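Enquirer: Going line by line, the protein sequences match chains A, B, C and D.
Residues 2 to 298 in my numbering are what the first sequence spells out, letter by letter.
Residues 2 to 298 in my numbering are what the second sequence spells out, letter by letter.
Residues 2 to 298 in my numbering are what the third sequence spells out, letter by letter.
Residues 2 to 298 in my numbering are what the fourth sequence spells out, letter by letter.
There could be a bad hint or two in this list.
Identical chains blur together in the list; that is why a pair holds if it fits in one copy or across any two.
Under the rule of at most 20 angstroms between Cα atoms (straight-line distance), these lysine to aspartate or glutamate pairs were calculated in the EDC-like manner [claimed, not checked]:
#: 1; residue 1: Lys252; residue 2: Glu73
#: 2; residue 1: Lys146; residue 2: Asp124
#: 3; residue 1: Lys252; residue 2: Asp275
#: 4; residue 1: Lys237; residue 2: Asp200
#: 5; residue 1: Lys237; residue 2: Asp44
#: 6; residue 1: Lys146; residue 2: Asp164
#: 7; residue 1: Lys237; residue 2: Asp202
#: 8; residue 1: Lys163; residue 2: Asp44
#: 9; residue 1: Lys237; residue 2: Asp134
#: 10; residue 1: Lys163; residue 2: Asp47
#: 11; residue 1: Lys252; residue 2: Glu105
#: 12; residue 1: Lys146; residue 2: Asp202
#: 13; residue 1: Lys252; residue 2: Asp274
#: 14; residue 1: Lys252; residue 2: Asp136
#: 15; residue 1: Lys146; residue 2: Glu85
#: 16; residue 1: Lys252; residue 2: Asp61
#: 17; residue 1: Lys252; residue 2: Glu14
Calculated from the structure, these hints are not laboratory results.
Since the model is a prediction, treat every value here as computed from it, not as a measurement.
There are 4 protein chains.
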Amino acid sequence: MVRLGGNQYGKAEIRVVRVARGAAAGGGDVIRDWSVSTSLSGDLADSHLTGDNANVLPTDSQKNRVYALAREMGAVAPEAFALELGSFFVSSQPPITRARVSIEEYGWQPVGGTGYSFARTGDLIRTTTVVRDADLGVSVVSGIKDLVLMNTTASEFWGYPKDPYTTLPETTDRILATAVNASWRFRPSMVAPPGRPADWDGLFAAARTAITETFAQAYSYSLQQMLYALGSAVIKAVPEVCEVRLALPNKHHFIVDLAPFGLENERAVYHADDRPYGLIEGTVLADDAPAAGIAWT
Amino acid sequence: MVRLGGNQYGKAEIRVVRVARGAAAGGGDVIRDWSVSTSLSGDLADSHLTGDNANVLPTDSQKNRVYALAREMGAVAPEAFALELGSFFVSSQPPITRARVSIEEYGWQPVGGTGYSFARTGDLIRTTTVVRDADLGVSVVSGIKDLVLMNTTASEFWGYPKDPYTTLPETTDRILATAVNASWRFRPSMVAPPGRPADWDGLFAAARTAITETFAQAYSYSLQQMLYALGSAVIKAVPEVCEVRLALPNKHHFIVDLAPFGLENERAVYHADDRPYGLIEGTVLADDAPAAGIAWT
Amino acid sequence: MVRLGGNQYGKAEIRVVRVARGAAAGGGDVIRDWSVSTSLSGDLADSHLTGDNANVLPTDSQKNRVYALAREMGAVAPEAFALELGSFFVSSQPPITRARVSIEEYGWQPVGGTGYSFARTGDLIRTTTVVRDADLGVSVVSGIKDLVLMNTTASEFWGYPKDPYTTLPETTDRILATAVNASWRFRPSMVAPPGRPADWDGLFAAARTAITETFAQAYSYSLQQMLYALGSAVIKAVPEVCEVRLALPNKHHFIVDLAPFGLENERAVYHADDRPYGLIEGTVLADDAPAAGIAWT
Amino acid sequence: MVRLGGNQYGKAEIRVVRVARGAAAGGGDVIRDWSVSTSLSGDLADSHLTGDNANVLPTDSQKNRVYALAREMGAVAPEAFALELGSFFVSSQPPITRARVSIEEYGWQPVGGTGYSFARTGDLIRTTTVVRDADLGVSVVSGIKDLVLMNTTASEFWGYPKDPYTTLPETTDRILATAVNASWRFRPSMVAPPGRPADWDGLFAAARTAITETFAQAYSYSLQQMLYALGSAVIKAVPEVCEVRLALPNKHHFIVDLAPFGLENERAVYHADDRPYGLIEGTVLADDAPAAGIAWT
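Next comes chain A alone, as it looks inside the complex (with noise of 0.2 angstroms):
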């Protein structure tokens, strides 16, 4: 009467240091500071029916593999390490046809001078998810969480349609806050480049600036205009990305009315709302991308 359907398992937020000793340009150490999750999927049918676990390698084995790696690894970038841990899962064991791992990266600065003292950044997040499927090829989206951003003016919102439930007064001067929650699909030509090993960390940064210098260029109408300018951006500057997903929060900043006090409030003293807030979802892709085949599953 029932059957199972899609399923996967793995280990979630793995957190592992990698600390790779004397290897910064100015002989001081290398961080790289990770929340690693595996998820493998394939021929599991039977521990779900039955519980017979053969084909269910440990989610402790999983981690273990995680820690082993980045010792064999060093501090490289995520993409690097994720697309080598998905090769291992379903390569190693023959009923795992994909695997899926998501990398969160926290960033810290050197501090002090010392080559080994570290403040942690705190800004965002750096996010890479590899999928790795046997017969479908192998995918790397790459991204950001949390990067909060705000121009105090430039931003508009005016001409939208008035139902009967419309008392939001039109404007031509508003704060737009957002938190960028960005993820970038790569073309499969950059996932297995020809000759040499991808500067993950480079298109990072680059994408990750393009991402700031556009929000704080663009004059904007709506935060659906300034999705649209972002995804375009980091396309722009990162030809090697063909598709970019964004979902951004309306981070509402609401003008206070202190009228009542006897004072006028001209673009002075706002409210930081939490809840609820506007949320704004949206794919920029560039004209030649090719279908996103596994990468979103």
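With chain A fixed as given, assemble chains B, C and D onto it according to the hints.
Expert: Frame of chain A; chains B, C and D shown alone:
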């Protein structure tokens, strides 16, 4: 060079509390405590490309409609509310061709016998997501979040493959604990039942009971097996459901090694670990489940 | 030029779960699910000033003692455990003259009738803090965290001063909701009762019931008045308690103005706001309460 | 039988954002992004005992005053704002004899060169708490929250006592990581300096730099030693400070045992653990520090 792909926008986490005075069986109040999120899609390209907002009903208006509809409908089930709200947006805004409405419901139980006094239950969150598409119809997916269950025994885990990174010892007795995150899709016939409104609250209660009872009764050789048992039980208990999707974190309780202190620890003292954790995801379907269509979009 | 002042150190948030097999009345298991935090003080200046750790029992050893003691004592009340643990550190480590042990207890209720299956309750956190001083004796402060209560009526707020910044309208009917955070100090005689162990679980249940019932029964003109009623009720219900400290956030539920939409909203639809919130803090004491001494340090 | 003890009330977490247009050195905007909490005490017994609110200035009015004062004062330092706000409540409300104002400040850095574009920094939270008492004067305590620092070496831990529960191996090289939570009390002369307003921003920057630099430069035999070094450094760098209180979680980074996989792990791969964690708390005072008085109440 670039183009706009899929997109949607709306208001997230509208915290509406509806009190229906004297509506309870014994004459007390009924409370519905919700976080409502809306998301609309349709002909929204202009807003992204040019900042022309002629088709963009403000998220503030969406919020206002939520409050007004709560006034009109009373303390109804979240499914009934979401169905009505989704239809409203699609039918009243021609450019909008699809509306997605998600609701989290927080539970309260009467205390003190006053009829107006309540304590928040905190044991789980009830959820529903309705997608209404102008062309493709409507779907209802309801569920549970964060129902934390534990069996202190009746769980084994062995017979798994041992790769070079496997150090986990097999066990024939362990604690099995998880936070049930489940969502179940109703059959299309359920969404528009002939002649009478659906008893959404009763269906939720039946699904919830099936999950809790099955978790307690099932002897488990893996969390995957438990997942399949839980999904099957919901479909059996609620024939109006045709598909169940579950995500079950393995909330690891590790037995503590007390041998260094001269103490045996036979199934007595455990460490409840935070991270990493196993994460088991899977789907159970009725054999005759129709295609999911827009349900999980 | 500078000197060391007060200091303490310990291990925070030790997540120990103690299962007492078959210990329940009906033959089922009893669970104690705790987060234990220890904090020691005494002759610790050297560690701060020179890095000489001769007096610094590692926090890791403190953690180990928690697990071992849980093995030894069984699924006892948190107060009994904390009393024993505090005594252990002070009596076994000569440089340590004071130990502070805090425990949060998370509730589980049996489900399914198996005796080994449980669901986490989630409605509140039970707390206790024991301070054991080598010279000054011992104190026990227990309490509740995050018990969320609501009266949908029977609450007024008016008669307050109006300064130039007051715009709040007076009301004779509002929702009153709070998250009860309360801690109650036991009389010294309670801590070392002659002849028999204290029924800590029974005392907790009595205090909890007093809070919930009083919240329901009290008619309130301010949250301050409710605070005093709650504190008084605990002391009345549990004469072993001589002082109660409460912190009550005013979880604002604002009536939504639906007039713009042609709808009256007579006590029906509310917005549950996040921030800012009122915060009312206060103490209620028995007339004959002895000085608090080390209790709240 | 019971009586009212100490009490206070106010509005917590008022999320005010003040934009001073063109006020930056280069002509750009200055932002102050705050969470302000007020707490008043005085002759408030009636509200608790009878519900007579004649002395209870609504927390809503307190909130309004925050917004209005932000308009009046501009994007000033949080210390200056809190001093003014505290004085306002005590001077304008006769029953109120003490006001406590706490502010958390979130950092933003200019991006894009527009003068109105900013990115949230996220590396730490700046704090201040001002207590104004009608009789006892005023105190200012400022600080830092959640500044996460790490040394990948230059940290040892050994020479500690070994009790029967000690299994921790001694180490002469470990990662030392913490989240600095520090608050420093200013000397009374600082609070009301003769003739000119204090440079609160400059003092904060000096304290912050002292903490980061000292953390990097100090060789540590215990986190206690680091705590004392950090506190001393603040007092040395900012002579206006007479007392520093610190709470330093030991963010454990455990070396992973890779021997089962045939790999050595010489200071390379670590597991960043969540809980439990060591927690080191302590105070450092200038030799001539006056009594704390109302500062930490």
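Enquirer: Given a CA cutoff of 20 angstroms, do Lys252 and Asp136 count as a within-copy pair, a between-copy pair, both, or neither?
Expert: neither (42 angstroms within a copy, 33 angstroms between copies)
Enquirer: What label fits Lys237 with Asp44 when the C-alpha limit is 20 angstroms: within, between, both, or neither?
Expert: neither (41 angstroms within a copy, 25 angstroms between copies)
Enquirer: Please work out whether the CA atoms of Lys237 and Asp202 approach to 20 angstroms or closer within one copy, between two copies, in both situations, or in neither?
Expert: Classified as within: same-chain Cα gap 17 angstroms, cross-chain 40 angstroms, threshold 20 angstroms.
Enquirer: One pair to classify: Lys252 and Asp274, alpha carbons no more than 20 angstroms apart. Within, between, both, or neither?
Expert: Answer is both; intra-copy 7 angstroms and inter-copy 16 angstroms each pass.
Enquirer: State whether the alpha carbon distance between Lys163 and Asp47 is at most 20 angstroms within one copy, between copies, both, or neither.
Expert: Classified as between; 17 angstroms across copies, 56 angstroms inside a copy.
Enquirer: With 20 angstroms as the alpha-carbon cut-off, assign the pair Lys237 and Asp134 to within, between, both or neither.
Expert: For Lys237 and Asp134, the Cα distance exceeds 20 angstroms both inside one copy (29 angstroms) and across copies (34 angstroms).
Enquirer: Go through the copies and call it for Lys252 and Glu105: within, between, both or neither, with a Cα cutoff of 20 angstroms.
Expert: This pair counts as between: shortest inter-copy Cα distance 18 angstroms, intra-copy 23 angstroms.
Enquirer: Using 20 angstroms as the alpha carbon limit, work out where Lys252 and Asp275 are close: within a copy, between copies, both or neither.
Expert: both (8 angstroms within a copy, 14 angstroms between copies)
Enquirer: Please work out whether the CA atoms of Lys252 and Glu14 approach to 20 angstroms or closer within one copy, between two copies, in both situations, or in neither?
Expert: between (27 angstroms within a copy, 13 angstroms between copies)
Enquirer: Check Lys146 against Asp164 for me: Cα-Cα at most 20 angstroms, and say if that holds within a copy, between copies, both or neither.
Expert: Answer is neither: 34 angstroms inside a copy and 34 angstroms across each miss the 20 angstroms cutoff.
Enquirer: How would you label the pair Lys146, Asp124 (within, between, both, or neither) given a Cα cut-off of 20 angstroms?
Expert: Intra 9 angstroms, inter 15 angstroms, cutoff 20 angstroms: intra and inter.
Enquirer: Under a CA distance limit of 20 angstroms, which applies to Lys252 and Glu73: within one copy, between copies, both, or neither?
Expert: Intra 42 angstroms, inter 25 angstroms, cutoff 20 angstroms: neither.
When the structure is compared with the earlier hints, violations turn up for hints 1, 5, 6, 9, 14, 15 and for no others.
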